[in-house]
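Quick mapping for you: the protein sequence lines, in order, are chains A and B. Residue 193 in the working numbering sits at position 193 of the first sequence; the count goes up by one each step and never skips. Residue 36 in the working numbering sits at position 36 of the second sequence; the count goes up by one each step and never skips.
Calculated directly from the structure, the hints in this document are not laboratory data.
Covered by chain B, per the in silico footprint, the following chain A stretches (three or more residues, Cβ under 8 Å):
no. : stretch
1   : 85-92
2   : 105-119
Straight-line Cα separation of at most 25 Å, BS3-like style, residue types lysine-lysine; simulated pairs:
no. : chain 1 : residue 1 : chain 2 : residue 2
3   : A       : 194       : B       : 151
4   : A       : 24        : B       : 237
5   : B       : 220       : A       : 110
6   : B       : 220       : A       : 194
7   : B       : 237       : A       : 204
8   : B       : 151       : A       : 92
9   : B       : 220       : B       : 237
10  : B       : 151       : A       : 110
Quick caveat: nothing in here was measured; it's all calculated off a predicted structure. Even for Gly, the Cβ is constructed at its ideal location relative to N, Cα and C.
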Amino acid sequence: MTQLALVIDLNVCVGCHACVTSCKEWNTSGEAGYLSDDRPYGEDPTGTFFNRVQTFEVGEFPNTDTVHFPKSCLHCEDPPCVPVCPTGASYKRPEDGIVLVDYDKCIGCKYCAWACPYGVREIDEHQKVMKKCTLCVDRIYDAALPEAERKPACVMACPTSARLFGDVHDPDSEVSIAISESGGYALMPEWGTKPANHYLPRRKTRIKIHDDELMRADNPLKKEGVQPKPDVKEPSLDDVTSW
Amino acid sequence: MHPAFSVIFLTTLIGVGQGLFLALYTAQVYSTVELLPAQPNSFYVLGSAISFALLFAGLVASFFHLGHPERAWRSAARWRTSWLSREVIVLPALMGAVAVYGIVYHLDLRLKDFGFATSVDGDLALVVGAGGVALSFLLFLCTGMIYACIKFLQEWATWLTVVNYTLFGLASGFLLATVYAAYQAPALIYFYGVSTAVITLVVCVTRVASLIRNTRLRYKSTIQTAIGVRHARIVQKSQGFMGGSFNTRDFFHGAAPWLFRSIKWVFLVLVFPLPLALLSFGMIDRSVTLLTAAFVVQYLGLLAERWFFFAQANHPQNLYYQTIS
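With these hints in hand, go ahead and build the complete structure from the sequences.
Dropping the structure here:
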């Protein structure tokens with residue numbers, strides 16, 4: 001079974017919002033229709049987005065850590081938003097595990113948004129249907145694109161390669177290896193939703209230096225240093241001379 | 001959560017409608033076994049018409065919650081998994097049962113008209129009404145479970161939610177039946193009035209129990225589990241956008257803290273002691289005005305109660321939307 005997902009490396013994300021804008025650009029121009037905005041240049045702008053980058057401060061000054069945290073649909077393996085949908089508009093594709101909304105069936109009751117603990121579903125205030133990340137389903141299978149570009153728009157846009165895309169059920173995939181080797185974790189594990197998207201934690205790079213690396217125990221110069229020095233009156237031309 | 005008035009009216013109106021129908025059927029059963037005086041058919045015809053009108057009004061209110069009301073018929077599809085879908089099926093079914101119940105009384109139909117002669121008065125209505133009773137309780141279950149089944153909305157995820165929805169519906173329905181009896185069947189005033197008082201006292205206990213439970217809640221989701229960082233001090237510095245979004249509008253009640261707190265006391269007064277006092281004096285004085293006032297006050301109180309029910313629920317997604325920048 002395939003479960004496509006994103007793995008987001010919080011150690012690498014710089015919070016540039018390139019994934020947000022490229023996601024919006026791709027998905028507002030797609031076949032499924034625009035993602036509506038209201039007052040984009042006005043006083044109180046609002047709009048529908050699939051992806052947000054949030055910023056958290058961990059710790060207290062001066063020992064703080066700024067964590068940029070991109071958040072989109074996690075494509076849960078046990079998605080709580082799917083069974084509550086009264087029309088079946090919200091569904092999980094068995095073939096690749098992507099959670100999607102059928103915009104033609106959605107009645108806009110917002111019950112699925114209530115049933116998502118992560119707050120990743122946003123209603124389109126003009127089309128009156130629920131919208132969410134599709135993992136760029138209209139892009140990743142597009143045979144007209146070069147194979148290297150058959151990835152979600154956010155993954156393509158990330159300048160630091162903080163976003164990986166692949167099948168988390170395939171143990172040899174890039175994403176599975178990243179999860180297992182770099183401590184990938186899921187959000188809010190307490191609800192048993194089994195999110196497919198994983199996050200890689202912040203990892204501090206530290207050098208460990210032992211004393212014997214700074215001061216060599218077997219320093220040959222030091223050995224020579226303990227040799228008896230010749231008298232200052234004695235003439236000498238080599239490096240053991242006292243003058 | 002942001003309380004939507006369409007849902008507040010839906011849940012309160014159908015609650016009254018269900019309760020009124022259950023009150024009518026109770027009177028019928030009791031009069032069949034001669035515990036209460038029998039009522040003319042017109043009592044049940046008009047009563048079920050009022051119940052039907054309330055259920056219909058609730059259904060109409062629910063449409064205002066939908067982005068695409070013209071597709072509402074689709075919502076009957078997923079009854080296997082969705083309590084909302086089940087409610088969508090049970091509500092029209094109950095409306096049908098209530099309508100048939102009224103028609104059976106209006107046309108004075110008996111089982112013998114269909115070839116099953118019995119000696120019981122109103123036997124066909126008893127059968128139809130039994131189905132309506134089952135559907136009424138099923139509808140209470142569906143309405144309550146829509147909220148109680150979302151496990152991470154911890155204020156709602158308790159059996160008390162279903163119990164409260166059921167008992168509030170019964171209390172307001174029986175109170176309306178008391179008012180109705182004051183007009184149409186004075187002999188039933190005391191039966192309905194005392195029933196209302198008992199149900200109201202019981203729901204007072206269960207609702208206060210849920211309020212106490214909610215003050216003692218410990219949220220399972222924290223900012224630590226939300227972003228997966230283990231540190232005692234994590235502060236959001238930016239939610240990712242400067243303006244509002246669906247997530248900042250639909251999951252916060254938006255009322256000032258003092259208003260939020262006062263609504264709780266408003267509903268606790270309007271739903272329990274005030275209607276009970278008006279009901280008692282109404283029954284003693286046989287005053288239709290006082291009884292009507294009791295119902296109106298309690299219904300207003302139920303609107304406040306439902307508003308508070310929604311506003312009090314704290315969605316874990318709010319952990320992600322705490323600071324604009």
